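Enquirer: Residue-level listing of the chains:
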Amino acid sequence: MKISIEKRVEPSPLTPYLSPLVSLALALIVCAVIFKAAGANPFKAYREMFMGAFGSDFAIEATLIKATPLILCGLGVAAAFRMQLWNIGAEGQLYVGAIAASWVALNYGFNQPLISLGLMFLAAALAGGIWGMIPGILKAFRGSNEVITTLMMNYIAIFLTSYLVYGPWKDPTGYSVPMTALFNRNSWLPKIFDTSVHGGIIIALILVVLSWILFYKTRWGYEIRVSGANEKAAAYSGMNAAKNIILVMFFSGALAGIAGMSETAGIQHRLQQGLSPGYGYTAIIVAWLARLHPAAVVVSAILFGGLLVGGDQLQISMSMPVSVSNILQGLILFFVLGGEILFSYKIKIGGKSGHQPCPAAKENA
Amino acid sequence: MKRWMPLLIITLILVLSIGCSQHRKSPENPSSAGQGGNPDEMKVAFVYIGPVGDAGWTAAHDNARKLVEKELPWVKTSFIESVAENADSERVMNEYARKGYKVVFATSLGHMDFLINAANENPNTIFMHCSGYKTAPNASTYFGRIEQPRYLSGIVAGKMTKTNIIGYVAAHPVPEVIRGINAFTRGVRSVNPKAVVKVVWTHSWYDPAKEREAAESLLDMKADVIAQHQDTAACQQAAEKRGCYSIGYNTDMSAFAPKAHLTAPIWRWEKYYVPALKSVKDGTWKNTPYWGGLKEGVVDLAPFGPMVPEDVKKLVQEQRKLMEDEKLDWCTGPVKDQEGKERVKTGETMSYDDQMKMNWFVEGVEGDTTE
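Respectively, the protein sequence lines represent chains Y and R.
Counting from 857, one number per residue, gives the positions in the first sequence under our numbering.
Counting from 10, one number per residue, gives the positions in the second sequence under our numbering.
Hints in this document: simulated from the structure, not taken from any laboratory.
As the structure is a computational prediction, the values presented were derived from the model and not from experiment.
Do not rely on the hints blindly, as some may be mistaken.
Straight-line Cα separation of at most 25 Å, BS3-like style, residue types lysine-lysine; simulated pairs [what the hints assert, rightly or not]:
hint : chain 1 : residue 1 : chain 2 : residue 2
1    : R       : LYS143    : R       : LYS111
2    : Y       : LYS900    : R       : LYS52
3    : R       : LYS366    : Y       : LYS1026
4    : R       : LYS290    : R       : LYS336
5    : R       : LYS85     : Y       : LYS900
6    : R       : LYS108    : R       : LYS207
7    : R       : LYS108    : R       : LYS290
8    : Y       : LYS1073   : Y       : LYS1047
9    : R       : LYS287    : R       : LYS268
10   : Y       : LYS1099   : Y       : LYS1088
11   : Y       : LYS900    : R       : LYS108
12   : R       : LYS366    : R       : LYS350
13   : R       : LYS219    : R       : LYS203
14   : Y       : LYS1026   : R       : LYS143
15   : R       : LYS323    : R       : LYS290
Sample of chain R residues lacking proximity to chain Y, with all beta carbon distances greater than 12 Å (derived) [unchecked claim]:
hint : residue
16   : GLU90
17   : LYS108
18   : HIS181
19   : ASN201
20   : THR297
21   : LYS330
22   : THR341
23   : VAL344
24   : GLN347
25   : LYS366
Ideal placement from N, C-alpha and C gives every residue a C-beta, glycine not left out.
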């Protein structure tokens, strides 16, 4: 018996749409079994989650607020993933963005909200960009594994935040509680109309359009996509790989940094620990579910925002443990990555293989 | 494979449509759900920082929640675990208020600003915040004088140590934790002026692995009693494994380390929750901060382990009586800081406000409040 895995020569044109949908469906079905095992009615659980995330104005607002950092970080990691650069550091890039934005807000009280927010935006983008660029430089010139370096940089950023809020930036009037003073009102992102949604989502949507133009309408975007698809072809055609690695990591980090600015200026209005409950990591799932396409990132970020918000209902209305909604998130990533492979490759059982089988399958044969 | 894909999608659509149609038939609509089925029923929510677990801070609150349900049949409770100290907590509290919950208890310091925002947003819901200092017309704070049993547990530790080094695994350098370390150390030094208390920070309320590592590092530094300001029993287990003693926290942790566990300062939140909910029901609730002690019963000392000698037990009982009668306070002067500078003059006692802001260690502590 011979089992081999082959790349599909011509993937179905429906693949980009089908693969995420089927993966989601499978994750939901498997999780339904877990709901059942936890003693809950899966239909009721999903209904509660859906209503909690999209069932009222409040719910939709909460979902959009959650989706904002996920769109920004998702765009960022998708940009790097396109070039096969595994940037796991969006979390840290978000934190340094938040630090830089807070630094501007706390030290330079501008009377003009537009100037104040504009400078916070630039500072956050620059800080996040540099944080992403450092692993990029190490990768380009030393060949360091960016998975390790970006991940390690997360801890540096998170502990730097702790140091600042426990030490030099601690609010002197705050009973020694580890957080900075509130920003001046001019450094708050305004709310949209009379909703609780802040302006961060508008920044995010503008950046989605800009990313799309950058990746699909410019020469540089084309280079990035080619480098991601075939490194050797890119090198033969004279593209500068090192330059592109560094630039794309800067771009990726800058977007996550802007997410940090949006969270501090839009929600917290101060710097404090735990400002991100892992948005930078969730963004990895968001980007994969969107198959790295900027516009699809919006859809998958809203879906994940809804999952996080609706997940609360599992506890509030269904009295289920918190871990169940984490399991659901994990299952989605698992099936999305699995689906990616199954849709791009096919498994052949028995018979002679016409193509080169992958090495793992060869060993088993 | 292509054949079963459409099948799956159809299944999904069916599943979702059944779910939605069930919803349309469902009798509950937001306005009636808001009032609850029974008009006399009061819906009460608890927002927890960690998972409930078997022991620790959140377990202490959840034990109290269960006792509340038993004692007050007109109360119906709900709880949500692992709510981070960020904007998520505000959303959760708003959600409870919109679902018609009359009272929301939030149980961690970092929920503070978010609770005040939620209180402003939902004037018909009463919010009570554990360990904070901000109030609103419909938001109050509550805490207990855990320093009293901490001081008493310090006496036990001071009597039991042979190396005169006591380890203290602490969460975050915030006033609440610093006060606890200081009260404990004052208790230790009241019976053993030679003993020192070494502090290691984990920068986390709940992280069993880090807590165990911290305890082991203290045991390596010749500490033979380990105390803690943490949510799990990991430190207790680490001490037991090395044949050392330990002082628990939050709940009686003796089941986790029967040979090590000397005693523990513990919370009995039901002593606050029950009267507070009664006052909400009869309309006498006020937003004044609550700060109960041994006398009120909201804090207590867990039963002594079998290794604690009778004379130590007797001494602790005597000191406890003095505290209940308000003849003894853990921070009555002279109190010196780590540099030996007198911070509280003889005969004076630190004010509530000074205690709430405390950010320095007393003499006898080895550690840094700014680490």
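Enquirer: Now, for every hint given, state plainly whether the structure supports it.
Expert: Evaluation of the provided hints:
no.	hint	result
1	R/LYS143 to R/LYS111	20 Å, holds
2	Y/LYS900 to R/LYS52	21 Å, holds
3	R/LYS366 to Y/LYS1026	13 Å, holds
4	R/LYS290 to R/LYS336	35 Å, violated
5	R/LYS85 to Y/LYS900	21 Å, holds
6	R/LYS108 to R/LYS207	47 Å, violated
7	R/LYS108 to R/LYS290	18 Å, holds
8	Y/LYS1073 to Y/LYS1047	32 Å, violated
9	R/LYS287 to R/LYS268	41 Å, violated
10	Y/LYS1099 to Y/LYS1088	15 Å, holds
11	Y/LYS900 to R/LYS108	17 Å, holds
12	R/LYS366 to R/LYS350	18 Å, holds
13	R/LYS219 to R/LYS203	29 Å, violated
14	Y/LYS1026 to R/LYS143	18 Å, holds
15	R/LYS323 to R/LYS290	42 Å, violated
16	GLU90	5 Å, violated
17	LYS108	7 Å, violated
18	HIS181	7 Å, violated
19	ASN201	29 Å, holds
20	THR297	18 Å, holds
21	LYS330	32 Å, holds
22	THR341	22 Å, holds
23	VAL344	18 Å, holds
24	GLN347	16 Å, holds
25	LYS366	5 Å, violated
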